[in-house]
Amino acid sequence: MNLRAWLALLGALGVAWLAARAARRRAAGSAGGRRFFASPFAGLGIGVLTFFAVVAVAAPLVAPFHPDRQLDIIDLVDRAPSWSHPLGTDLYSRDLWSRLVYGARVSLGIGALAMAVALTLGAAVGAAAGYFRRATDVVLMRLVDVGIAMPRLFLLIVAASVWQHVSLGALILILGVTGWFGTSRLVRAEVLSLRERDFVTAARALGARPGRIIFRHVLPNVASPLLVSAALGIGNVMLTEAALSFLGIGVRPPTASWGNMIADGAGQIVGAPWTTLFPGLAIALVVMALNATGDALRDALAARPSSYEEET
Amino acid sequence: MGTWLARRLIAAVAIVFAVVTLTFFLMHLGPASPIVPSAEQPLDPDVVAGLRKQFGTDQALSVQYVRYLTQLAHGNLAVSFSQRRPVTAALADAIPNTIVLAGAALLVDFGLGLLLGIVMAARARSRLDAGLGNATLFLRSVPTFWLALIVILVFGERLHWFPVGGTIDIVRHHSFSFLGRIADRLWHLALPALTLGVVGAAGTARFQRNATLDALSADYVRTARAKGVTERRIVAVHALRNALLPAITLFGLALPFLLTGAVLIETVFAWPGMGKLAADAIFSRDYPVVLACAIAASVMVVAGNLAADVLYAVADPRIRITERDRA
Amino acid sequence: MTEPLLRVRDLRTYFVTERGSGTARAVDGVSFELYPGETLGIVGESGSGKTVTSLSVLRLIPEPPGHIRPGSYIEFEGRNLLTLSPPELRAIRGNRIAMVFQEPMTSLNPVFSVGDQIAEAAIIHQGLSRKAARARAIEMLTLVGMPDPAERVDHYPHQLSGGMRQRVMIAMALVCHPKVLIADEPTTALDVTIQAQILELLERLQRELGMAIMLITHDLGVVAGTADRVVVMYAGQVVETASTTELFARPRHPYTEGLLAAVPRVDTPREQLRAIPGSVPAATDWPGGCRFHPRCPYAWDKCRTSEPPLLDAGSGHQARCWLVTEPARRSASA
Numbered sequence: 001m002n003l004r005a006w007l008a009l010l011g012a013l014g015v016a017w018l019a020a021r022a023a024r025r026r027a028a029g030s031a032g033g034r035r036f037f038a039s040p041f042a043g044l045g046i047g048v049l050t051f052f053a054v055v056a057v058a059a060p061l062v063a064p065f066h067p068d069r070q071l072d073i074i075d076l077v078d079r080a081p082s083w084s085h086p087l088g089t090d091l092y093s094r095d096l097w098s099r100l101v102y103g104a105r106v107s108l109g110i111g112a113l114a115m116a117v118a119l120t121l122g123a124a125v126g127a128a129a130g131y132f133r134r135a136t137d138v139v140l141m142r143l144v145d146v147g148i149a150m151p152r153l154f155l156l157i158v159a160a161s162v163w164q165h166v167s168l169g170a171l172i173l174i175l176g177v178t179g180w181f182g183t184s185r186l187v188r189a190e191v192l193s194l195r196e197r198d199f200v201t202a203a204r205a206l207g208a209r210p211g212r213i214i215f216r217h218v219l220p221n222v223a224s225p226l227l228v229s230a231a232l233g234i235g236n237v238m239l240t241e242a243a244l245s246f247l248g249i250g251v252r253p254p255t256a257s258w259g260n261m262i263a264d265g266a267g268q269i270v271g272a273p274w275t276t277l278f279p280g281l282a283i284a285l286v287v288m289a290l291n292a293t294g295d296a297l298r299d300a301l302a303a304r305p306s307s308y309e310e311e312t
Numbered sequence: 001m002g003t004w005l006a007r008r009l010i011a012a013v014a015i016v017f018a019v020v021t022l023t024f025f026l027m028h029l030g031p032a033s034p035i036v037p038s039a040e041q042p043l044d045p046d047v048v049a050g051l052r053k054q055f056g057t058d059q060a061l062s063v064q065y066v067r068y069l070t071q072l073a074h075g076n077l078a079v080s081f082s083q084r085r086p087v088t089a090a091l092a093d094a095i096p097n098t099i100v101l102a103g104a105a106l107l108v109d110f111g112l113g114l115l116l117g118i119v120m121a122a123r124a125r126s127r128l129d130a131g132l133g134n135a136t137l138f139l140r141s142v143p144t145f146w147l148a149l150i151v152i153l154v155f156g157e158r159l160h161w162f163p164v165g166g167t168i169d170i171v172r173h174h175s176f177s178f179l180g181r182i183a184d185r186l187w188h189l190a191l192p193a194l195t196l197g198v199v200g201a202a203g204t205a206r207f208q209r210n211a212t213l214d215a216l217s218a219d220y221v222r223t224a225r226a227k228g229v230t231e232r233r234i235v236a237v238h239a240l241r242n243a244l245l246p247a248i249t250l251f252g253l254a255l256p257f258l259l260t261g262a263v264l265i266e267t268v269f270a271w272p273g274m275g276k277l278a279a280d281a282i283f284s285r286d287y288p289v290v291l292a293c294a295i296a297a298s299v300m301v302v303a304g305n306l307a308a309d310v311l312y313a314v315a316d317p318r319i320r321i322t323e324r325d326r327a
Numbered sequence: 001m002t003e004p005l006l007r008v009r010d011l012r013t014y015f016v017t018e019r020g021s022g023t024a025r026a027v028d029g030v031s032f033e034l035y036p037g038e039t040l041g042i043v044g045e046s047g048s049g050k051t052v053t054s055l056s057v058l059r060l061i062p063e064p065p066g067h068i069r070p071g072s073y074i075e076f077e078g079r080n081l082l083t084l085s086p087p088e089l090r091a092i093r094g095n096r097i098a099m100v101f102q103e104p105m106t107s108l109n110p111v112f113s114v115g116d117q118i119a120e121a122a123i124i125h126q127g128l129s130r131k132a133a134r135a136r137a138i139e140m141l142t143l144v145g146m147p148d149p150a151e152r153v154d155h156y157p158h159q160l161s162g163g164m165r166q167r168v169m170i171a172m173a174l175v176c177h178p179k180v181l182i183a184d185e186p187t188t189a190l191d192v193t194i195q196a197q198i199l200e201l202l203e204r205l206q207r208e209l210g211m212a213i214m215l216i217t218h219d220l221g222v223v224a225g226t227a228d229r230v231v232v233m234y235a236g237q238v239v240e241t242a243s244t245t246e247l248f249a250r251p252r253h254p255y256t257e258g259l260l261a262a263v264p265r266v267d268t269p270r271e272q273l274r275a276i277p278g279s280v281p282a283a284t285d286w287p288g289g290c291r292f293h294p295r296c297p298y299a300w301d302k303c304r305t306s307e308p309p310l311l312d313a314g315s316g317h318q319a320r321c322w323l324v325t326e327p328a329r330r331s332a333s334a
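Protein chains in written order, with the working numbering: chain A, 1 to 312; chain B, 1 to 327; chain C, 1 to 334.
Just so you know, these hints were derived from the structure itself, not from any lab. For each residue, glycine too, the CB sits at the ideal point set by N, CA and C. One should not assume that every hint holds.
Unchecked claim - Residues from chain A shown here face chain B by an in silico Cβ test under 10 Å; the list is partial:
1) GLY147
2) ALA159
3) SER161
4) PRO254
5) TRP258
6) PRO279
7) LEU281
8) ALA289
9) ALA292
10) LEU301
Kindly produce the complete structure, drawing on both the sequences and the hints.
Rendered as structure tokens:
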């Protein structure tokens, strides 16, 4: 680990801490914001997520070595953590910390992008089903029922065995396409209740076309539950991608993803447990942060009146 | 209730049908022909010819589809490339093992999860609640397969408390007494079931905590208090009876989780179930097996959801008894 | 003069609100009495503290965020309810003092039959067996005028209409023949015709069972028809108390005057509806001096600076207004 890498790491930590503080300060202005940060680990979650995001983006700066570089196949295989290699080395004498850093790019990137696909699809389908109802609703929701029926991993396994080489882009697409069902139900429920509200009736009375109504009036109100869905969903996608990569059908080596790093380390778990431990901890940490943030968001947006207000 | 049940059954069958269709077309979208093995795995020419005839791979897609459906309807799932025996035989060996594993994990999941959730709600905002909340947060964020590896390392290799793979001790199992054989099986089941179950329990606990809190803050709890009912009875009877209803729907969601987890846990623990069968089949390009496992998994999920729906309808008087004459 | 059944002295119930908003002093020094066999109406808008008052009697206020301040005193049958131990309090709830709530749908447990819920109080307080308690439940259902009581006793709340459910609530409250019934807006969630039925039912039961009723409502019409005496609440305080006839004929507090003037009348020529200007202040920030002064047409300096106590206006009539001692000011501002 060289000086540049240490500085970059400290920088990332610093940025994360500052971001969390700034977020807390800004949020203190609104009731919802205060509720958000009242949740345990909400602030910590934001900090952790920022840290990993910065690390992923600045990977070339933060990582001391190239992730695929086999440093010394004779002496540096499966080395325990040390000052020069803070997380140790793996079975190919690659620096684990560097792989983790570049793996962050892959795992976080796939998670975020796949979730973006899933959210778009889910929101579109849900909004259409909720707004147009009748035939459209029935057809689309049956589709959702079918989608939910097959466990995602099995569908992905089928896809993987058919297309032997799945590119990263295809992987993102497939993950997204298999992950929108829950979101669509959520959006549909919101749209169903919103569409009866007066502002929608007013818009229709003015002659606005359905598309415009959905986009400008209905969807902005769905943004909050969508955000919660996104936070919790990215965690799910990351775990799925890790599972796929572990099984060998996700991100293919030598590209590092946290999932296939665990697979690489599984063979040496007795002799070199850190090769498995650290990538798994990284996943756990990020997903914990996502879950904590998502839960805090959900609680903050639920906006329950205090019992006093209900009882006067 | 009868018509509702009939409708749900038809819907369930329709969904399975749709899943079968979907997988069929998925398989045929790929570059390779799904039924005929690649050149890497020479099969008996007779078998290949038999398959060709069975699935009509040289004919139009629609014809293949119909053939495929009829074969399925006859319970014919083709022959496994890697195991050289009918897929149905391979499934018949594997599925019971998965059911045992998933069943045990389900017990742990709901047994532990519901209890924890209720305790957390009853002691909301206390240190216990916070501590349990953190523990469950961690457990529902870890990759199951990673946890399995760590568990094997600690409890299997380092502490030697449990065996690290398989369903039985291959060498000594048959020399055990009847009780010994049961113990042997349980010992091998323990780690995989506990690992899968505990991760599920973490999610269940969080869900149940919210459901119980909702029930505890309901108006009817205030009414019960105003009647002079003890706090214990309020929680155990008035609130819980309502708070446990949502748990039934959770059961429907738990199944996909358990089946997905089974794939990973079985792989790590070398547990010869449907999950491991599917995972192995990917690498041997054993499409019939992959397909069969995917369909079997869907059937289980759909059946499980149906069972959960029926159970819920029976348990919730608001659904069980349709509103009669309102005075 | 008979002894009051329930005596509330200086009740203060405060709530801790979200950070930054301070303490909500929902009930801020309320005193009144309830005599045997009478119906006392407690009237006020939302935000007046009337519901919190009623919940405080049986200590049903959720402890965080609310708490009843020390110094408050509620006497019933010679004991201070606020210092009773939990088992002693439980022995009174549903037994000697019972309560009926506003929303019968959510106030009844959806997964138990109405019979079970009515019987529960009898089992707890009178030690009846399940069979005997069930018979009692059917008796109670008959008493409250439920059609087909033997059949309805096994029904679930969702199978009953709103009026039916409220009858069940009343049956549940009265099964142990309490001395006091606290009814918090018992008819607000019901249709007007059902409202009348329920109020008649309460009157009849009061006569038959000889109990006192504390009726909380925002509806002056309900009060006029049912209550013997009235307590008017505003901003966490009692602002006027009198017999019903006296209150309606000669209101002494400008707030009561405003309430009465706002009721649309069929018998006078149509004019614009007269609303009380302004709105109810937040419980975290009661105005200084007389709490009504920002909205009062008669307010003068004294009202802004010093809070009036409850002043005696003769024959049991009290009002928290300086006009009682300085009636001349009334025409000065009119």
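Hints and how they fare:
Contact between GLY147 of chain A and chain B, as hinted, is supported at the beta carbon level, the nearest pair being about 9 Å apart and thus within 10 Å. At a threshold of 10 Å, the smallest CB-CB gap from ALA159 of chain A to chain B is about 6 Å, leaving the interface hint in force. Hint on SER161 of chain A holds. Least Cβ distance to chain B is approximately 5 Å, under the 10 Å limit. Evaluation of the PRO254 of chain A hint against chain B yields a violated restraint, the C-beta minimum of about 19 Å exceeding 10 Å.
For TRP258 of chain A, the interface hint holds, the least distance from its beta-carbon to any beta-carbon of chain B being 8 Å, beneath 10 Å. The interface hint given for PRO279 of chain A holds, since its Cβ lies 8 Å from the closest Cβ of chain B, which is under the 10 Å cut-off. Hint on LEU281 of chain A holds. Least Cβ distance to chain B is approximately 9 Å, under the 10 Å limit. At its closest, the beta carbon of ALA289 of chain A sits 8 Å from a beta carbon of chain B; the interface hint therefore holds under the 10 Å criterion.
This hint holds: ALA292 of chain A has a C-beta 6 Å from the nearest C-beta of chain B, less than the 10 Å allowed. Interface restraint check: LEU301 of chain A against chain B, minimum CB-CB distance 15 Å, threshold 10 Å, status violated.
Violated hints, in rising order: 4 and 10; the structure is consistent with all others.
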